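Number of protein chains: 2
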Amino acid sequence: MGAKPPLSPLAPEGFPKLPVIGGVSFATTEAGVRYQNRTDVLLVSLAPGTAVAGAFTRSATRSAAVLDCQDKIGCDPVAGAAIVVNSGNANAFTGRRGAASVQAITEATASALGIPANRVFSSSTGVIGEPLPHERIIDKLEDLASALSPHAIETAARAIMTTDTFPKGASEVVMVDGQAVHIAGIAKGSGMIAPDMATMLVYIFTDAAIDQDILQDMVSALNRTTFNCITVDSDTSTSDTLLVAATGASGLRMTENSMGFMEGLRRVMLDLAHQVVRDGEGATKFVEISVTGAASDAEAHIHAKAIANSPLIKTAIAGEDPNWGRVVMAIGKSGARADRDLLAIWFGDMQVAKDGFVSPSYNEASAAAYMKQQEIVIHVDLGLGGGTARVWTCDLTHGYIDINADYRS
Amino acid sequence: MGAKPPLSPLAPEGFPKLPVIGGVSFATTEAGVRYQNRTDVLLVSLAPGTAVAGAFTRSATRSAAVLDCQDKIGCDPVAGAAIVVNSGNANAFTGRRGAASVQAITEATASALGIPANRVFSSSTGVIGEPLPHERIIDKLEDLASALSPHAIETAARAIMTTDTFPKGASEVVMVDGQAVHIAGIAKGSGMIAPDMATMLVYIFTDAAIDQDILQDMVSALNRTTFNCITVDSDTSTSDTLLVAATGASGLRMTENSMGFMEGLRRVMLDLAHQVVRDGEGATKFVEISVTGAASDAEAHIHAKAIANSPLIKTAIAGEDPNWGRVVMAIGKSGARADRDLLAIWFGDMQVAKDGFVSPSYNEASAAAYMKQQEIVIHVDLGLGGGTARVWTCDLTHGYIDINADYRS
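Chains as they are written, first to last, in the numbering used here: chain A, 688 to 1096; chain B, 688 to 1096.
Fair warning: there could be bad hints in the mix.
The list makes no distinction among identical chains, and a pair is therefore deemed to hold if it is satisfied within one copy or across any two copies.
With a cut-off of at most 25 Å between alpha-carbon atoms, the simulated SDA-like pairs for lysine to any residue come out as follows [said to hold, decoys possible]:
(1) 1059 <-> 1089
(2) 704 <-> 726
(3) 1041 <-> 818
(4) 1041 <-> 754
(5) 1041 <-> 745
FYI, nobody ran anything at the bench for these hints, they're computed from the structure. Quick caveat, the model's predicted, so the values are computed rather than measured.
The following block holds chain A by itself, in its conformation from the complex:
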C-alpha cells in the first residue's frame, strides 16, 4: 500500500455528536488482524429482545459472514444479540475455511456474552482471498466483553474503517407521543469495493420497540431509495452488509404506520449513504442524478444508474465539463425506454437540452461556471410518464486511478 490518501475534500467538518441508544454498548481493540497500531475489531452488545433486520449484497460470490448473517436474520429476538466486526481481512473467497472462521468467531462471541450463537452477526472487511486469522479476534473477546460502553460509538466507527478517509456517523431524534425515540448509525466504505479491501458496512441502532418483521420490511423498503441508490464505481462488494438493531429501551412501540420513525430512519440511512459517496475513492465532486418523466420508477432508476456509472460522464464532471451529450449517450444505452426528441436535461437550474436538442437558453460559460461547484445536480426529464428516481455518485479522477492502479507501485 502506498501512503494514506488525504482526507476527502467532500468530508464533513467532523464526526457528529451521536446520542446514546439504550440497550447498545460498544468495545474496540487492536487485534492485529492485518493492521498494526490501530483498532481493528468492534464488538457491539445488544440487550435481550433487540430486533435485528438487515440488507446484504446480492453478489453471487458473497462472503461466508454475509451468508451466515442472512441465515440468522429473522430468528426469535428474545435473547441478547451481538455484532462483531473486523477490518483488515474480508474473509471472502476463502473456501470452506471462510465458513469455519465465521463459526469460530460467532460461537466464541456467544460464549463470551452468554447469548445463543444464532444471535451473533459478524462482518469482515479488508483483503480478500487470504485466510482470516480468527484466533487473533477470539483471543480478544473476553477483554472486549468487559470493556463494553454505551458511549463508544465514535471509536466503533473508527475500528471498522479500511480505505475510508473519515469515520461516518449520523443520528435522528424522532418525537412519538411527546417522547423521544433515538436512532444512531455508523458506516464504512469508500468504493463499492476498493484496493483489495473495502466493502460497505452499516450498523444502525435505535431504542424504539418494534417487531422484527416490521423492522425488516421498513429496512428493505428504505434500502431501495438510500444505499441501493449510491454508486462510486459500479463495482459491487462481496461483503456489503446493513444491520439495523432496535432495542426497545425507549419503551415506545412502533408499527408499520409509524411514519415519523420511518422518516427518521430514512434520514439516517440516506445521510450515511451520502457519506460513503463523499468518501468515494478519488472523489472531488458529489453528484445527484435526478430522473423524472420515465415510463416507471424502475426504468427511471435504470436511467439514473446508467448516467451515474458512465465513465465518460464521471470524467467529464471531474473535468468540470458540462457535457450533456454524454448524458444523452447514457440514456440511450441504458436499455430503459427513452424518446430522443422528448429529452430535457438540466445542470442545476440551467436547462441545457430541450426537445432532443440544445436548449435555446443554453449558455456555455454559465454551464462551465456551474460545473466548478463541489456539488452538482443533473436532472433528466424523459417526457414519457410519471417514473422518478434519484441516485448519488462522485466523479472519476486521477485519484481513483492512483488508488486502484498504482496500488503496487
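Let chain A serve as the given structure and place chain B on it in line with the hints.
What follows is chain B alone, placed relative to chain A:
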C-alpha cells in the same frame, strides 16, 4: 481540445496492404466540417447489384443517420449504391434538423452519382449536439464523384478518423472453387464514444456475389462474436454503424453454406474489432477475457462483459496487479449464475484460483511478471455447464482520464 494524443502503444506497425475490391471505389476531400487541413468526407461508390447488410447501435437515442440506414437496409439491390461519411460532427441529438441534414446529404449524393436516394447510406461522427453544416459536404459531392478510385481505401480509412491514433484496415482472400474472393474493410473508433466525438464506424467490401438477406444473416451472426464482444469503457455510441457491401464483381456466388467465405468475413471483422480496442483511449494493455463452464453462452457473455467493464479490474491491469479477487467480485455482481466454491481463474497459463480459493500453485512473483506483458489473457471457468464467451478490452489508465476529463483544461 488538448494536444493530439500519441500513437497507441498497441498500434500495428502500419496500415496493411488491402486488395482492390471490384465494384468499389473511394474518394475523400477536405470539406472543413469541423477539422481544418485534413480530409473529413469519404464517398464510396458501389456497383449496381451490390448487396448491403448492416448492424447498428441499439441505443435508444441513436442518430438520424443510423435510423436512415436502418430504413434502407434490405431494399432491392438492383441499382448502384453509395456510402457517404463525414468526421468532425456526429449530427446526433440535433432534433428534426438532424433528419433534414441526412435527407439533404443522401439526396445530393444520389443525384451526383445517378442512383436512387434509398441506396445512399450515410454516417456522421464527431461532436454531438451541434447542427451539421451539411452544405459544406454537399458542395463537395460533384468533385468527389469525379475523383472516385478503386485504390483509395487507405485514404478512406484516414478521412473517417476522429480521436483515433491510427487508421484501421484488414483483409482476407478466400479461395472458392479455385478462384479468389476478396474481402477488405476499414474501421474507426477509440472509445465506444470519446471526448464529445467518436463512435465506431466499420465498412467492409467484398467482390463476392451474395443475396442481400443471406449477407444480412451472416453479418448479424458474426457481429455477435466480434464487434459486440469488444468494450473500451462500457459506454455505447449513438452512432455505431457496420456496413458490409458485396459487389459480386468476382462472379462467385456465396450461399448460407459458404463456410470459407463466412470464416474470412469473421476474421476481417474480428481483426478490425481488435484494432478498435488497441486504439482504446489511454490503452496500454490488450486484454482477452475468456469464460468457460457457464450455465449458457449468454451467461458466459454476461460474466465476460462484467469483468471487461469493471473499473477496478481495468485499473488493476493498468497497475500490472494480478488482482484475481476483483475478478471474483465482477463475477459475483454480473447477475449471471455462479458458484463461488467452483470458480477457477487463470492469468495466462497460470492458475491463480481453484475451488473458490487461491490456487496451491499460485506464485505472486510469477503472476506479477505476467502482468507486465502488453497482451493479457484472463480465463475464468465457472464449473457449471458448457457456456463459453470471449470478450476483448483494454486497461483503464491516467491516459483515459487525461483524454476525457482534462478535455477542457
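(request) Could you work out which earlier hints the structure fails to respect and list their numbers in ascending sequence? (result) Of the numbered hints, all hold.
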